[in-house]
Amino acid sequence: MVRNVASMASLRNGMANLEVNNVASPNVPTTTRRMDSNDASDVQPILLHHPDVPSGAQTAQLPATDPCYRPLQSVGPSQSENVISSENTVAQVGQAQQDRDQVRGRNTQPDVGLAAAAEGPMSKALADYNTQLRVLEQQNARRLLMVRQEREVAKKTSEQVQIQARRFPRATRFNAEKYCKPFCEALTNNPTVFHFVAATEHELDHAGFEELSERDSWDNLQPGQSYYVDRNGSSLIAFTVGAKYKPGNGAAILAGHVDALTAKLKPVSQVPSKAGYLQLGVAPYAGAPNTTWWDRDLSVGGRVLVKEDDKIVTKLVKLDWPIARIPTLAPHFGAAAQGPFNPETQMVPIIGLDDTESRASHYAEPKPFSQPPFIGSEGRGPVHSFVSTQPPRLVKAVGDALGLHADAYSTIVNWELELFDTQPATVGGLDKEFIFAGRIDDKLCSWAAVQALIEANGSGDTEDSSIIKIVGLFDDEEIGSQLRQGAKGNFLPSIMERIVGSLSGGNASRDLIGRTYANSFIVSSDVIHAVNPNFLNAYLENHSPHLNVGVVVSADSNGHMTTDSVSTAILQRCADKVGAKLQVFQIRNDSRSGGTVGPMLSAATGIRAIDAGIPQLSMHSIRATTGSLDPGLGVLCFLGFLNGFESVDKEFR
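Numbering (this note's numbering), first residue to last: 46 to 698.
There's no promise every hint is true.
Listed below are the simulated DSS-like cross-link pairs for lysine-lysine, each with C-alpha atoms no more than 30 angstroms apart in a straight line [claimed, not checked]:
no. : residue 1 : residue 2
1   : K311      : K360
2   : K441      : K363
3   : K311      : K477
4   : K223      : K533
5   : K226      : K477
6   : K352      : K311
7   : K363      : K289
8   : K352      : K363
9   : K200      : K169
10  : K319      : K226
11  : K309      : K360
12  : K441      : K356
13  : K363      : K311
14  : K309      : K319
15  : K309      : K533
16  : K363      : K319
17  : K533      : K200
Label-pair restraints from in silico Cβ distances [stated by the list, open to error]:
no. : residue 1 : residue 2 : range
18  : A210      : L181      : 39 to 45 angstroms
19  : I208      : A186      : 31 to 37 angstroms
20  : R187      : E255      : 50 to 56 angstroms
21  : R187      : Q617      : 42 to 48 angstroms
22  : E586      : R196      : 53 to 59 angstroms
23  : G624      : A563      : 42 to 48 angstroms
No lab work stands behind these hints, which were simulated from the structure alone.
Glycine included, C-beta positions come from ideal geometry on N, C-alpha and C.
Between the sequences and the hints, there should be enough to build the whole structure, so can you do that?
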């Protein structure tokens with residue numbers, strides 16, 4: 046049944062005009078045509094329907110008499126008068142269409158159907174719609190791609206920031222504070238050079254470093270791995286090989302020393318009792334015991350060689366309670382109490398009371414030269430063993446500390462024991478800004494260097510590094526570094542040559558070693574004098590370091606230090622990477638300068654070097670002072686050097 050055919054035909058003709066009048070596609074909202082600014086008065090809205098096509102409101106207002114727009118009534122059996130026969134329908138619709146076309150001045154068109162008439166403009170509208178949809182899809186795809194790329198960049202940037210933060214943590218108070226307590230514990234728990242090296246080895250083991258022996262072949266060293274080796278149990282070199290290392294590349298080296306002023310037991314430490322006192326025979330090491338050692342709570346520690354079956358085993362020992370004291374003479378005795386004092390006869394520690402002489406009215410003259418000074422030998426029996434030359438009560442104390450039975454004391458083959466102050470390292474000051482401790486020189490810098498190497502190894506820098514990072518801890522610096530475990534020995538050159546040789550697939554040539562040395566850099570790190578407010582006249586103006594500020598570059602015009610303008614600039618650039626502050630120290634012209642391991646190592650290898658360390662007060666006293674932030678500031682500065690030297694060195698080529 047056909048309904049409103051005339052109205053639909055009129056709509057079809059109206060839609061045909063869409064193409065003629067270039068009407069916008071149906072998906073484009075009605076808007077204002079863009080006109081020239083001079084023709085703004087002619088601006089008209091774009092209509093979504095042709096003016097000849099009635100709108101919905103206009104259709105509702107058409108005269109009911111118009112046969113084209115008169116709505117059809119419901120068709121039913123009782124309304125047969127409204128039923129239009131098919132024959133009359135065609136004639137009526139055709140006549141009505143012709144009448145309307147004539148009125149509007151249009152040519153009559155045969156009725157080709159609504160779909161055919163609307164096919165042109167609707168197809169164009171649909172094509173426009175699809176085109177715009179594709180454009181939007183392409184724009185959205187580009188936007189999504191840009192978002193993904195931005196997210197990837199942000200992710201990579203965040204990862205890079207995190208990597209940089211791990212490699213170059215800022216030298217702030219917050220980051221430095223956490224190192225104070227571990228450093229104090231390290232000083233307290235490791236009073237001798239042997240204890241300190243052993244504790245360092247344990248820490249390196251825990252951090253994934255592999256132990257090497259100088260006696261073994263090193264053919265299997267690999268890039269990206271970390272190792273350590275000790276010499277004599279009192280010096281140590283630890284190193285990490287960058288994953289991208291190539292033979293001939295350089296090394297970033299931190300060098301310090303682990304020995305400190307002390308008094309060492311003589312080979313025969315048993316001395317005749319005097320005035321009812323048991324005393325201990327000790328010898329000075331690097332100027333101790335000096336007067337700061339008097340009236341201190343002293344004990345002994347070191348290494349002991351014990352025979353176990355067919356092996357000689359090294360064991361470490363320390364007595365945790367005070368056993369010795371060097372008493373002063375009261376000032377009431379006048380000039381005798383003022384000194385100078387004889388270190389052989391007037392600075393002998395007392396370790397107990399000898400009851401056999403406590404009631405003697407006079408003191409017999411000792412006769413120590415009546416017998417040959419035998420060291421002690423297992424073959425001569427327990428009576429003539431090593432322990433027979435030592436104070437029996439000291440032997441018992443040491444043997445018990447080692448877990449030996451009384452009948453096994455004679456298995457002690459020999460020992461190297463020294464005095465140490467039993468007072469633990471502690472934090473002081475109103476705001477806890479100080480550390481008061483013994484043996485700060487130079488375990489402070491050595492400890493900080495080891496921590497920096499461990500953190501550099503765990504920072505992710507090794508995977509991208511093409512150099513070797515080395516920490517060398519040397520013995521005997523306080524007495525001139527002349528021994529094989531000292532800086533003047535061949536320890537560092539030998540180890541570096543073996544590293545390069547292994548990584549190059551064989552023995553390293555002189556050319557390869559020379560290139561390695563030329564591309565390397567040493568930070569000789571020993572403690573440096575902080576300014577003392579009670580003796581300002583002893584310091585040079587503008588060259589007096591402060592505590593809790595940062596590492597100090599030590600300069601000397603007479604060559605006691607390796608510092609020069611180039612080495613200073615290199616370290617400054619590395620320090621800048623972590624925001625570390627560098628101070629400078631130089632001695633007055635009317636004072637003499639000390640020395641350290643830097644010139645020895647640099648002269649032996651030709652490696653560029655600088656002397657830079659952490660400041661302290663009361664150097665060479667039994668009890669010294671540094672800042673509570675200084676261990677951490679040292680770690681962070683040294684970490685900046687280890688992780689930053691490779692890129693900084695390229696600026697100086």
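Structure-based check of each hint:
Between K311 and K360 the CA atoms are separated by roughly 19 angstroms; this keeps the pair inside 30 angstroms, and the hint holds. About 13 angstroms separates the Cα atoms of K441 and K363, which keeps this hinted pair within 30 angstroms; it holds. Distance restraint check for K311 and K477: the Cα-Cα separation of roughly 39 angstroms exceeds the 30 angstroms cut-off, and the hinted pair is therefore not satisfied. Our distance criterion of 30 angstroms between C-alpha atoms is broken by K223 and K533, whose separation comes to about 35 angstroms.
As the CA atoms of K226 and K477 are separated by approximately 12 angstroms, the hinted pair is consistent with the 30 angstroms bound. For the suggested pair K352 and K311, the alpha carbons sit about 21 angstroms apart, so the restraint of at most 30 angstroms is met. Restraint check: the Cα-Cα separation between K363 and K289 comes to about 44 angstroms, which exceeds 30 angstroms; the hinted pair is violated. Taking the CA atoms of K352 and K363, the gap is near 19 angstroms; set against the 30 angstroms cutoff, the hint holds.
For the hint linking K200 to K169, the alpha-carbon distance of about 46 angstroms lies beyond 30 angstroms, and the restraint is violated. Using a Cα cut-off of 30 angstroms, the hinted pair K319 and K226 is violated, with the two alpha carbons roughly 43 angstroms apart. Simply put, K309 and K360 have alpha-carbon atoms about 17 angstroms apart, close enough for the 30 angstroms limit, and the pair holds. As the CA atoms of K441 and K356 are separated by approximately 22 angstroms, the hinted pair is consistent with the 30 angstroms bound.
Between K363 and K311 the alpha-carbon distance is near 17 angstroms, which keeps this suggested pair within the 30 angstroms criterion. For the proposed pair K309 and K319, the alpha carbon gap of about 21 angstroms is at most 30 angstroms, so the pair holds. Distance hint between K309 and K533 is fulfilled; the C-alpha atoms sit about 22 angstroms from each other, no more than 30 angstroms. Annotation: proposed proximity of K363 to K319 holds, straight-line Cα distance about 26 angstroms (limit 30 angstroms).
Proposed proximity of K533 and K200 is contradicted: the alpha carbons are some 50 angstroms apart, above 30 angstroms. At roughly 42 angstroms, the beta-carbon separation of A210 and L181 lies within the given 39 to 45 angstroms, and the hint holds. The beta-carbon spacing between I208 and A186, approximately 32 angstroms, falls within the hinted interval of 31 to 37 angstroms. The hinted window of 50 to 56 angstroms between R187 and E255 holds, with their beta carbons roughly 52 angstroms apart.
Taking 42 to 48 angstroms as the suggested C-beta distance range, the pair R187 and Q617 conforms, at roughly 47 angstroms. Taken as a hint, the range 53 to 59 angstroms holds for the pair E586 and R196, whose Cβ atoms sit roughly 56 angstroms apart. Restraint check, G624 to A563: a C-beta distance of roughly 30 angstroms breaks the suggested window 42 to 48 angstroms.
Violation of the numbered hints given earlier is confined to hints 3, 4, 7, 9, 10, 17, 23; the remaining hints are satisfied by the structure.
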